[in-house]
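K.L.:
Listed here are the chains, written in short residue letters.
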Amino acid sequence: MGRKAKDSLIKGVIYLATGITLSVLLFIVGFIFIKGIGLVNWDFLTRDFNENVVYAFIESNDVPLTIDEETLNGKNPYDKRYETHLEGPIYVENIGAAIAKVAYKNHSTEREQFVITYIEKDSPFNRAIDSTGKSITIGTDYILQSINGNDFTSLTLAEVAETISAESGELKIKVVQPGGGIKSNIITTLYMVLLSLIVALPLGIFGAIYLTEYAKPGRLVNMIRFAAECLAGIPSIIFGLFGMAFFVVALKFQISLISGSLTVAIILLPVIIRSTEEALKTVPMAFREGSLALGATKLQTIFKVVLPCAVPGIATAVLLSIGRVVGESAALLLTAGTVAQIPGTLFSPGSTLTVQAYYVAKEEGNIELACAIGIVIIVIVIVLNILSRVTSDKLDVFNKK
Amino acid sequence: MDTNIKFNTKNLDLFYGDFQALKSINMEIREKEVTAFIGPSGCGKSTFLRCLNRMNDLIDSVKIKGEIIFDGKDINGPIDVINLRTRVGMVFQKPNPFPMSIYENIAYGPKCQGMKDKNQLDNLVKESLMKAALWDEVKDRLNKSALGLSGGQQQRLCIARTIAMNPEVILMDEPTSALDPIATAKIEDLMSSLKKDYTIIIVTHSMQQAGRISDKTAFFLMGEVIEFNDTPIIFTNPHDKRTEDYITGRFG
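If you read the protein sequences in the order shown, they are chains A and B.
Residue 243 in our numbering sits at position 254 of the first sequence; the count goes up by one each step and never skips.
When you read off a place in the second sequence, starting at 1, and then add 1248, the result is the number in our numbering.
Mixed in with the good hints, there may be bad ones.
[Unchecked claim] With a Cα cut of at most 30 Å, we get these calculated DSS-like pairs of lysine-lysine:
id, chain 1, residue 1, chain 2, residue 2
1, A, LYS293, B, LYS1392
2, A, LYS287, B, LYS1366
3, B, LYS1387, A, LYS383
4, A, LYS287, B, LYS1489
5, B, LYS1258, A, LYS293
6, A, LYS293, B, LYS1342
7, A, LYS205, B, LYS1271
8, A, LYS383, B, LYS1374
9, A, LYS293, B, LYS1374
10, B, LYS1364, A, LYS287
11, A, LYS293, B, LYS1379
12, B, LYS1392, A, LYS287
13, A, LYS205, B, LYS1342
14, B, LYS1359, A, LYS287
15, A, LYS383, B, LYS1364
16, A, LYS383, B, LYS1366
17, B, LYS1280, B, LYS1258
Derived by calculation from the structure, the hints in this document are not laboratory data.
The following block holds chain B by itself, in its conformation from the complex:
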């Protein structure tokens, strides 16, 4: 077995009540790469992303079949979900900083895990904000509310908050769709630099973005993975007609 594989899904089906949202997904996601999911709205890419840290648990009607192997274990089995989520962090579509200070936002996760030492927390907050390229902008206002930041800053704060947990994987669900082009560029730069340390999986509606930042791209359609390959191949020489139609803008 390839040790570089982070997630390995086997015949994954997902149902919202009677509606099947994911159909037999088989995918291997490699470590320390950026994997992008593209596809039209409602094709299941966000749903699949949320399977990877069991965020779908929050929705009552969801039923899942098949396996998602993470670190040799099926995460749909009887595992410690809290532990899984500390190892697989998530950044959401709309920036969702908590209505507390910038400092508290970053320290929230570690504190929930029981970290109490003030110095340790201070260092962690600084380190995380630096990694998220936000330190210089907020270092003088760490105790101000995070809600006073701009949208782009808020989203980088959410990334910093996730980094503070030192996860192995960061899931990003359309992290730039609510941001302007300048903020988007900053987040994309950030992703490229984070790639060294983390496995990143991103859902995006922007094919240019997928092309710019990802190593691998998966094209989803109607709950199925149509094509999963190296990003350059998907964008220049797709094997499937439907992928080609989508990326050339013929539908979607």
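Pulled out of the complex, with its shape left as it was, chain A reads as follows:
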């Protein structure tokens, strides 16, 4: 075979490899999007995962319907994941809202429920308060279960409408806010990112400063570096086991936000140390000499000259870290738990998006929902990427000519 033929063969292989890589990537992202995009909407992002039962207090007040029956029937707020339309809707004047009967599926059970399909502009629902007097939001898609103690179970739609119309004055209505959203997971993820960075960033940066600026090259430094490299290569489930044994059990932090974020902080340390170290190494020796020759102390030199030059590198470290936290699942499964709630304190559990994706896929077999969560994760990572690139460009001292 001639040299030319050999060259073009190898070139072909290189092109092919690139093509395969790219198409695998596109295929995965495409798969996730096609599977999950149907479920991503505003409610999905802003609702809790679990149902919320509240008692709403409203003042009954006759509100005439301002739209015609046909439009009312066309209103279709059902979330097809959970609800199948059975009857209605019927407009009830004294609460200024239309209700319909649906088959409501939650997790593995299915029941008949009455949901609000339409709310008039002047409806008393818009001024609803809870038992403490705080105003609450009642929206379409919410489930009504009882009024002034009269339970709706096993009634027909017409009977329910009658029951409601029969009441007057102050009404106490049992309302269920449907679940299925991932608001708590988004917020837990943000908490996790923030907390773990607050712990890991100073530690990592100071560690890197020690390694590049203070440590005399020798066995100790090599050992620290080797240790950091080893840490970076250890699978995160091992850190999860450690976090579970140490933070959760030994320190009695329980399965909680704090246990999770400290465990993740340990996972982040080597990433931050390595990239900050690389960034510090690229700062020219001449800057350090220049600063010292002006009578600055070593600390002044590091904080006023060396670190600002290393900011773009540190920003990269932050980006990598955020990606790591958002993507972490195994360690958090063991230390932060799978409870889909907004952690009220540092010591309450909460599941991040990835853990939630694992949970719904594994425990509920709901691949579509897991893919929808996947889309949110991908979008968050892309947005963070762009943000950190923009900020690191803005902070780059060498860019400002």
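With the hints as your guide, set chain B onto chain A.
P.N.:
Chain B in isolation, oriented as in the chain A frame:
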């Protein structure tokens, strides 16, 4: 003792690990003069210069023996190095302005010493830039990055930055070797005018430069000072054969 003597080195030896880079240097450097160090590459002249404000501390393998008396004290002894460096400033071979604004570059040293007053700093920045003959060129862009200046301007900025500390001595390590002839001429003019107020010690590869600007010249070879004398004598009537060979271009 002659009070005009700024630095007096006695039997100074310097080692990089096992390699002896300076061999028994004895030299008296006088106040408010320009002293030039010449010699071929690797002869130890930069190393010696860096001894004078302890910049060699940054290199781990360096060991120093002998004395450098500055102001009656041996600076190799237990002294305040920070204080020494504020009194003995240094300008490097490659212009190394910090990646900050022109103003911040000048104000950096005084700020590190704790100067906070805005007016005082403003005046100091202006005065230093004027002394370094850079004020007219940069007065409208003090808040722009120093990295946008030309090489020659950057080097004058570094000199201004050093002047802002009001040092007694300015060490210059081949300050014009990275500059074009016009920028070089400007820096040389600047040195002549700074001579009135400061003691200047300069390392240079250009013998013409040493001849043009210095009062005293030392010729270094293989870590030794071969000859140290008034500049005209070194260039017209050197006592040592090796000096003559070097300045006439027979080697080096």
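K.L.:
Work down the list of hints and note, for each, if the structure agrees.
P.N.:
Taking the hints in turn, this is what the structure says about them:
1. For the suggested pair LYS293(A) and LYS1392(B), the alpha carbons sit about 18 Å apart, so the restraint of at most 30 Å is met.
2. Between LYS287(A) and LYS1366(B) the alpha-carbon distance is near 25 Å, which keeps this suggested pair within the 30 Å criterion.
3. A distance of roughly 25 Å separates the Cα atoms of LYS1387(B) and LYS383(A); the hinted pair therefore holds under the 30 Å criterion.
4. A distance of roughly 45 Å separates the Cα atoms of LYS287(A) and LYS1489(B); the hinted pair therefore is violated under the 30 Å criterion.
5. Using a Cα cut-off of 30 Å, the hinted pair LYS1258(B) and LYS293(A) is violated, with the two alpha carbons roughly 37 Å apart.
6. Taken as a hint, the LYS293(A) and LYS1342(B) pair is honoured in the structure, with Cα atoms around 21 Å apart against an allowance of 30 Å.
7. Annotation: proposed proximity of LYS205(A) to LYS1271(B) holds, straight-line Cα distance about 27 Å (limit 30 Å).
8. This hinted pair checks out: LYS383(A) and LYS1374(B) have alpha carbons roughly 29 Å apart, not beyond 30 Å.
9. For the hint pairing LYS293(A) with LYS1374(B), the CA-to-CA distance comes to about 22 Å; that is within 30 Å, so the pair holds.
10. For the hint linking LYS1364(B) to LYS287(A), the alpha-carbon distance of about 20 Å falls within 30 Å, and the restraint holds.
11. For a cut-off of 30 Å, the pair hint linking LYS293(A) to LYS1379(B) stands: about 26 Å separates their Cα positions.
12. About 26 Å separates the Cα atoms of LYS1392(B) and LYS287(A), which keeps this hinted pair within 30 Å; it holds.
13. A threshold of 30 Å between alpha carbons decides the hint, and for LYS205(A) with LYS1342(B) the separation of about 26 Å falls inside it, so the pair holds.
14. Between LYS1359(B) and LYS287(A), the direct Cα distance comes to roughly 14 Å. Compliance with the 30 Å bound is thereby established for this hinted pair.
15. Annotation: proposed proximity of LYS383(A) to LYS1364(B) holds, straight-line Cα distance about 27 Å (limit 30 Å).
16. Between LYS383(A) and LYS1366(B), the direct Cα distance comes to roughly 26 Å. Compliance with the 30 Å bound is thereby established for this hinted pair.
17. At roughly 21 Å between alpha-carbon atoms, LYS1280(B) and LYS1258(B) fall within 30 Å of each other, so this suggested pair holds.
Consistency with the previously given hints fails for numbers 4, 5, ordered from lowest to highest.
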